[in-house]
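A.B. asks: Residue strings, one per chain:
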Amino acid sequence: MQIYLPIADLPVNVFVILAMGLAVGFISGMFGIGGGFLMTPLLIFLGISPAVAVASVTTHIAASSMSGAISYWHRRAIDLALAFMLLAGGIIGTAFGVWFFTMLRAIGQLDITIGISYVLLLGIVGALMVAESVRAIIRARQGKPVELRRPGSHTWIHGLPLKLRFKRSRIYVSAIPVWGIGFIIGFVGAVMGIGGGFLLVPMLIYVLRVPTATVIGTSMVLTLVTMASATVMHAAVNHLVDALLACFLMVGGVIGAQFGARAGQKMSGERLRLLLGLLVLAVGIRFAISLVLPPETLYSIRALEGEL
Amino acid sequence: MTRASLVAIAAADGALIASAVPAAGERLVASLSNHRVMITSNFVGEELVLFGGIEQDAASRPRRAGYDIIVTVSGPPQMMVTFRKERILGFWVNADSRVLENAPAYLAVLSNRPLDAITNTETLRRLQLGLDNIPLLQRASVNIADAASDDPFRVAFIKIKSEQGLYREASNGVTFLAPALFRASIPLPAEVPVGTYEVDVRLFADGVQIARTPAPFEVYKSGFEQVVTAAAREHGVLYGLATAMMAIATGWFASVVFRRD
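Going down the list, the sequences are from chains A and B. If you're matching positions, the first sequence starts at 46 in this note's numbering and goes up one per residue. If you're matching positions, the second sequence starts at 298 in this note's numbering and goes up one per residue.
Here chain A stands alone, though its shape is the one from the complex:
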């Protein structure tokens, strides 16, 4: 069934959009990530302009993370205090990210910066997660107890002042690294056009030692707030949010997120981290291949919509 999208200005098959929403929603519910780094390329592949794709995906992610966040809320797996502290750093990071984005575009280095940072970020994060979770799984197989709090885990980060107790997560850390992580997520998200969930989850686990149980729910609350406000900003500034496209994506997305959240809770933390690591690594390698191999066509065209 074909339907014409009013803002994207082209007809699409409703069932293809629903299926894409379902698949990406499942992954986002399972890992507590937005899934924007998967959905945006899929929409561009369908012929939707990158600007409309990025703007409409934010709405879809807001819906998926709302649905997922409620599920985690019922399971008491959300640390609201931690989410708000992260958000405080995130807002400042987003502002710096937008400034950096504008500067890169002005000096004409945007494309290469985005391309290389995608490969480096996804590659390094994915490889680290895969390596760590494989070690953890091997340890568990050998019958050794899983070391949730290793003896050496009290690094210099835990020596910082302004300590706060986050009850739900059972951690006692300085507010400075929490703000710092929020800042990095906001900055990277604005520059690279991603929600940053796949970065936030490992950072919370490895830097702050947040237990896997509360990590995903907390990350979803953060994603919900940033993506809902991004929707309003994209709509107000660029008029590029396609409500009809977002509607079909989110109907598939919320259903997928429900099943994903259930599948995620059944799996052990190590296995979940291994799967997410492999996914991130795969997307990173896919980006690296497209950057390194000679492209099929050297040329591409794009409409300038009120830019310059």
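In case anyone wonders, no lab produced these hints; they're calculated from the structure. The structure displayed is predicted, hence computed values, not measured ones. Accuracy of the hints is not assured; some may be wrong.
[To be verified] So the derived list for chain A, only partly shown, Cβ under 7 angstroms to chain B, looks like this:
id	residue
1	Ser116
2	Ile157
3	Leu336
4	Tyr344
5	Arg347
6	Ala348
[Stated by the list, open to error] Far from chain A by the CB rule (all over 10 angstroms, computed), these chain B residues:
id	residue
7	Arg324
8	Gly350
9	Gly387
10	Arg423
11	Gln425
12	Asp503
For each residue, glycine too, the CB sits at the ideal point set by N, CA and C.
Assemble chain B onto chain A, guided by the hints.
C.D. replies: For chain B alone, kept in the frame of chain A given last:
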């Protein structure tokens, strides 16, 4: 070539045509099957039909080779950019680009036989007929120029637009139903942008243009599509808030529906 010199040449051309071609007896009339193409939620493209007739009067001379028709349909102008990838530090990235200030969003050059069979290349170039001769002003940094027809950026732009079905040159696009009656079909793919489309019908005989007539049409959105577009453009903040609320409501609704415990 700069913009100013282009204008000068165009003006000189006008004078040349006026003096070289005496007032011919033929008159050209053309009409479209539909002057207002409506985009609704089930729009998947449309084919417009242009009918035209050639009226002769006492002054008309018999045309040995018959008549030829060239129809040029051009959509609303868009600002476009063409990128070229280059290898930098081992990575293929968009390095060089050209901005096209006024590229028609849609372009169809339809004729009853190949353009170079209708008239000579010099005339085609002068009258800007055919994809090779359409003016596309390119801007690389500060210079604005109409690139030569073999400029790689220009060639690539036309090739990509042709692959999208938005640019085409069809030497079988015009059919003569009778010696003085013709029909042209204008295929509009689903991706056509809204706006005013200029249709320029030119009558040729013995390689010379003897008459010309316009037949513009409009592509516009209607119903639900129009309401959404207008809301997004005119009330951006409200539209954004409504969309965000829709997302939150959908997420909440799904969690209620799926709640098992």
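A.B. asks: Now tell me if each hint is right for this structure.
C.D. replies: Verification of the hints:
1. The restraint placing serine 116/A at the interface with chain B holds, with a minimum CB-CB distance near 6 angstroms, inside the 7 angstroms limit.
2. The restraint placing isoleucine 157/A at the interface with chain B holds, with a minimum CB-CB distance near 4 angstroms, inside the 7 angstroms limit.
3. Among the interface hints, the one on leucine 336/A holds; its C-beta lies about 4 angstroms from the nearest C-beta in chain B, closer than the 7 angstroms criterion.
4. Annotation: tyrosine 344/A was flagged as interfacial toward chain B, and the flag holds, the nearest CB pair being 4 angstroms apart, inside 7 angstroms.
5. Hint status for arginine 347/A relative to chain B: holds, with the closest Cβ pair at about 5 angstroms, below 7 angstroms.
6. The beta carbon of alanine 348/A comes within 6 angstroms of a beta carbon in chain B, closer than 7 angstroms, and the hint placing it at the interface holds.
7. With a cut of 10 angstroms on Cβ distances, arginine 324/B stays outside the contact zone with chain A, its closest approach being about 39 angstroms.
8. Look at glycine 350/B: its CB is around 35 angstroms from the nearest CB on chain A, clear of 10 angstroms, so calling it non-interface holds up.
9. The non-interface label for glycine 387/B is inconsistent with chain A: the shortest C-beta to C-beta separation is roughly 6 angstroms, within 10 angstroms.
10. Residue placement check: arginine 423/B keeps its beta carbon more than 10 angstroms from all beta carbons of chain A (closest about 28 angstroms).
11. Consistency note on glutamine 425/B: stated as away from chain A, and its beta-carbon is indeed over 10 angstroms from all of that chain's, at 21 angstroms minimum.
12. Look at aspartate 503/B: its CB is around 39 angstroms from the nearest CB on chain A, clear of 10 angstroms, so calling it non-interface holds up.
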